[in-house]
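A.B. asks: Fit chains B, C and D to the given chain A structure using the hints.
Residue numbers (the numbering used here), protein chains in the order written: chain A, 1 to 239; chain B, 240 to 444; chain C, 445 to 701; chain D, 702 to 1290.
Hint data in this document are derived by calculation from the structure and do not stem from the laboratory. Some hints here could point you the wrong way.
Far from chain D, by Cβ distances over 12 Å, these chain C residues were calculated [said to hold, decoys possible]:
hint, residue
1, G488
2, K491
3, A504
4, P559
5, G612
6, E622
7, T658
8, G660
9, T666
10, T678
Derived BS3-like pairs: lysine-lysine, alpha-carbon spacing no greater than 30 Å straight-line [to be verified]:
hint, chain 1, residue 1, chain 2, residue 2
11, C, K595, D, K1150
12, C, K561, A, K120
13, D, K1150, A, K66
14, D, K964, A, K120
15, A, K120, C, K614
16, D, K964, B, K369
17, C, K519, D, K1189
18, A, K120, C, K491
19, D, K1189, C, K614
20, C, K698, A, K120
21, A, K120, C, K675
22, B, K406, B, K328
23, C, K519, A, K120
24, D, K1189, C, K517
Residues on chain A that point at chain C, a partial pick, calculated with CB under 8 Å [claimed, not checked]:
hint, residue
25, K101
26, Q121
27, E123
28, T127
29, N145
30, F207
Ideal placement from N, C-alpha and C gives every residue a C-beta, glycine not left out.
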Amino acid sequence: MINPVAALQSTNIPLSWLLPHGSSTFVGDIDWLYYLVLWITGIAFIAVEATLVVFLVKYRGRPGRKAYYTHGSLMPEYIWTGVTAVVVVMIGLVSAPAWGKIKGRDGVPPNAMALGLTAKQFEWHFTYPGPDGKLGTADDFELRNQLHVAVDSPVVVTAQSEDVIHSFFVPNWRIKQDIVPGMHIRVWFQPTEVGTFELGCAELCGFGHYRMRAIVTVHAKDDYQRWMAGSGRSLALAR
Amino acid sequence: MTHGAIAASAGVMRPPVDREAGAGVYNEKLGMWVFLGSEVMFFTALIGSYIILRVAHPEMWAPPGKVLNVPITAVNTFLLICSSVTMVKAFASAQDGLQRPLCLWLLATCIIGATFVGVQAFEYHHLIEKGFVPSEGLYGSTFYTMTGFHGFHVSVGVICLSFVTWKAFRGKYTSTDHRGVEVVGLYWHFVDLVWIILFTIVYLI
Amino acid sequence: MRSSILCAVVFAVACGGGQEKAPTTNVGNEPGPAGANQTNTPAGNSKVSGRVSFTGTAPANPTIDMSEEAACKAKYSSPPTDPVYLVKDGRLANVFVYVKSGLPAGATYAAPEAPAKLDQNGCLYHPRVFGVMVGQKLEIDNSDPLLHNIKAVPAHNRGFNISQPSAGMKTTRTFTTEEIMVPLQCNVHSWMHAFVGVLSHPYFATTGEDGTFTIGGLPKGTYTIEAWHEKLGTQTATVTVGDNETKTADFSFKPKA
Amino acid sequence: MTEMATRGTIAEQHTHRDDRPFIRRYIFSTDHKIIGIQFLLMSLLFLLLGGMLAMLMRWQLGFPGRPLPIIGSLFPEAMVQNGIVLPEFYDSLVTMHGTFMVFFAIMPLLVGVFGNYLIPLKIGAPDMAFPRINMASFWLAVPAGVLMLAGFFVEGGHAAAGWTSYAPLSANSEYSGVSTGQIIWCISLIVLGLSSILGSFNYITTIINMRAPGMIWFRMPLSIWSLFITAILVLLAMPVLSGAIIMLLFDQTIGTHFFLPPKGGQPLLWQHLFWFFGHPEVYILILPAMGMASDIIANGSRKPIFGYVSMVLALLGIGVLGWGVWGHHMFMSGMNPTLGTGFMISTLLISVPSAIKVFNWMGTMWRGNIQFHVPMLHAVSFVAMFVIGGLSGVFMAASPVDIYIHDTYFIVAHLHYVLFGGSLFAIFASITYWYPKMFGRLMSPRWGKVHFWLTFVFYNLVFFPMHQLGLHGHMRRLYDPTQYEFLKPLQPLNTFISISAFLLFASQLIFAVNFIASWFTGAKAGPNPWHDNGLEWTLPSPPPHGNFAVTPTVYRGPYEYSSPLVEEDWLPQDRRLDRSPAPAPGGHR
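Excised from the complex, chain A in its bound form (with noise of 0.2 Å):
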């Protein structure tokens, strides 16, 4: 198994604008997303700058040098504000699969395992089907901060909380879902890679916010089972 710093120091120099080692099949719509974002306000940004250092040093004040007079002039005003609409507006529309596919009401593969979730201060209870693979049964379990999945299958995880609003952040698979009490929010995501990965709160829930963290395993199908019947079951929480 990766241990989490490695899966994650893989692509890990600070100062870095790449994004950390993903794992999960958001990452391909997402990353390029923000690869191309990254790109146009990169250019934006040089350019802008440049251009402003340029003219800084060009026309800096020289004694007995007027300046030139005047109020400006429509075309340029037509030129930026056309094309600074067009690319974001591009931009918006390239967006828009990705966070319908990601976020969508109807995203969610049919095929998906599901999951429970019960987020309280300061601690993430996940509830697993047992053999059975059907929630909401005796040989349902619950387990403190471990998050125990399959590669290559979707997982749909229905999220509630007990007290506060936290929220659903595993880094690697680019998932982020805020989990508010009194709602039941569903989390879906399919991860690629078997290993071990970290789970973190993104919203402030309290003093505790900063270790309510949870460990991520990404089993392989075939063992996956095995650990549902077996070693899973032996760590439940008491009910």
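C.D. replies: For chains B, C and D alone, kept in the frame of chain A given last:
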């Protein structure tokens, strides 16, 4: 945009025009209108939340008249509307410089306003005795917050009104300058309007 | 509102964040003799002692999964369990026994100066069940190198919810009115529970491993003694003691049906 | 210049002196200039306080679990134990840093200070429309601030639910351990809200009704335009916050259930209300900065502002669109995803007017004759930094990317590039620019430049690396990041940021000293040290009570720099030119 830009770049050099007649109204009146804008947003926040919560949990509201006493409040509403009428009368007499009627109409408005608050206080007392308190649930929470803050606005209005009335009795308002009366009138009509909305959505629906 | 807050400011500056506002008079920990010099503090040398036994087989205590708390897990050789039922050859420990009624009317007892101590070690509370007197300091220590928070949700006292992010931290709190029992819990480790009985007199005890308890320094009289267990509820017994007398009051709990 | 001087003396001769007792002149004054200065002093103090809170946070983040050096023992046990900042105190620090900076520093600095000081002077009015209400607005802000400060000393500590006070954490003391502190937070902000509303309807009335003859809408300086639009935003947004906070207060005190789920309350309702206020608030915190930066950039470039009208339209556009984007703060909140798409588009669109403004500022500098006085330095870096803040906003606007960076340090970097790099640099620019008008003396340019360069460098060293922290998944509001394995490698970066932050804070002390010292020892400014066209510069510094002896008549816009009609490179708005002005050469065909 084209015309705008040209107009302005020309306008920059245009020879002086006369002062643009601001809003065409004196400061106090304009100020009150602007202030009422912010009041509208305040009540929008309260009423909006009420609607959102109620739509989400209709079962938490008792049917109209079950908990709240509609007849008494209806009378109270009628009173408040009357006070708007007396306010209009007061303003009219101020415009015609009729001192006596001005004072009397203002006084009437004060008294009716005070009565409204009194009746509301009585209603609260009664409801709380019946066990209908803010902590009872969403129904109580929204009811007391909305009507309470309206009541607070009415009380403030009554205080301002009595000040204006006092000035009226000392003959401070002329047919040419009676800003105090008009401005407090604006506020009063606004408070009245808000109540009509509240009465409808809180008591009748 | 503001004035009160400004007072609070002054107060807080005076004694650090507004803690420890318990009037602790200068009295030794042992009741009776020490207490005797107080006005209307009836005390004697009589004892009530006894055993708390448990008939039948106790339900198994749940094992605790500390796999995500390495520092605590390391403190145990075998997987730790939650000590709800501590039964050893038929004796029940962690039962809180106290004088419920029978003390002379109007008797008052000063709280001892020495604080009661609650330690958080290996992600469990030590002791789990104990008593303090009204106004007595309760010193909460953290012996684990990780975050614990102590949340008290009393019915009659003022609750608190404080955190201790690292080992060696101490926090002191006091309770102001009698309460059986004030539950303490940790939100970071949902299995952590402790129960503290708050009494205005010093006549209470918690049964040990052997299920025995002793309440000493009682004046003569007839007392209702109550035994409390977190899961099995309460039982009472009535005892009459004369001067320098020792009576026994035994209790016996059965597993919940 | 001579012309200036004569005008100044005239003003002095004709103005009725303010002969009221000291207390009515300087404490409970109704003079907009005094009130503006009062706001300035108050909000600078809160700015300093907010900075100190940030330093405490940075210590814990840079050196988690290490005892605070020297000052560690000064704190009560409920805040700091064995010198270590406690998590609950850290959360209070996070919350109060945000609250003080937003509500008691940046907002009053922009709106309270310059709204009060500049509006009547720049539109040629003797004072505000309602001077007494103006005074009330300040004297409501002070108790609000004192109350907010007092919250640190009550039992249970100060509010700790973040400056956004998300319910239910903020609504039920059982969840946070904070009871009185949160109540104080609510009451203080309700009072402050009232103060802001009183201020804003005063501004609006004044600008609409009290402009001098010839000061038509499209001759108003952009600073006044921006303050006008800001005032409208405050007027309409603040009451929404007050309403929400009142409900929150009732949830805490009288047991209502607005935001508490067990009896049907809705946590998301708080978020909708808060951000419906909160997003206009974001623009309240940047629009005046844009306006005043425009004035200073035009002056520094000795050139008319480029595309004045599109600048105004951009301000208006932001003011309108600003009401339709609040949902982008809630992409992850479980809000209906279809709404998410709508908010994403509106959010991306609102970046257009901001871009227009940036391009116009650069157009203004193009072919200018740029004077690098201290205000200009700050104004230019305002543009440079605002560009970064604006561009990093695009990442969050693209909602799928936001899934990853939401509530990470990327957001922290973004908002500080807008609020510090944007607003605060513009504030430094404006303070140094109008300081001579306020106090009659110039701030020391040498120390001004030292302060600027140190601030500029350390500011970027503090906030730029935060982007990277965020990109590696560093969540916000973490008391101790080293609890996460994947954040441990980033700890050196955190330490680096903290050290830079301490240096940044230290460099601000230069400004403080310069500000105070120049008051007594600064060079005499004279009426128009920057050769500006605005009406206020026709008055002596400081202007007399009642401002204008003779109501000025305005003949042209405020940005007539380097006009061919006169030999000097500025042309005051109120100077009458005997020969009828020729149409402007260049610019539009």
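A.B. asks: Next, verify each hint and record whether it holds.
C.D. replies: Hint-by-hint comparison with the structure:
no., hint, verdict
1, G488, "40 Å, holds"
2, K491, "39 Å, holds"
3, A504, "32 Å, holds"
4, P559, "15 Å, holds"
5, G612, "7 Å, violated"
6, E622, "22 Å, holds"
7, T658, "36 Å, holds"
8, G660, "35 Å, holds"
9, T666, "41 Å, holds"
10, T678, "27 Å, holds"
11, C:K595 to D:K1150, "53 Å, violated"
12, C:K561 to A:K120, "28 Å, holds"
13, D:K1150 to A:K66, "25 Å, holds"
14, D:K964 to A:K120, "18 Å, holds"
15, A:K120 to C:K614, "25 Å, holds"
16, D:K964 to B:K369, "20 Å, holds"
17, C:K519 to D:K1189, "25 Å, holds"
18, A:K120 to C:K491, "46 Å, violated"
19, D:K1189 to C:K614, "28 Å, holds"
20, C:K698 to A:K120, "34 Å, violated"
21, A:K120 to C:K675, "24 Å, holds"
22, B:K406 to B:K328, "17 Å, holds"
23, C:K519 to A:K120, "26 Å, holds"
24, D:K1189 to C:K517, "22 Å, holds"
25, K101, "32 Å, violated"
26, Q121, "4 Å, holds"
27, E123, "6 Å, holds"
28, T127, "14 Å, violated"
29, N145, "4 Å, holds"
30, F207, "5 Å, holds"
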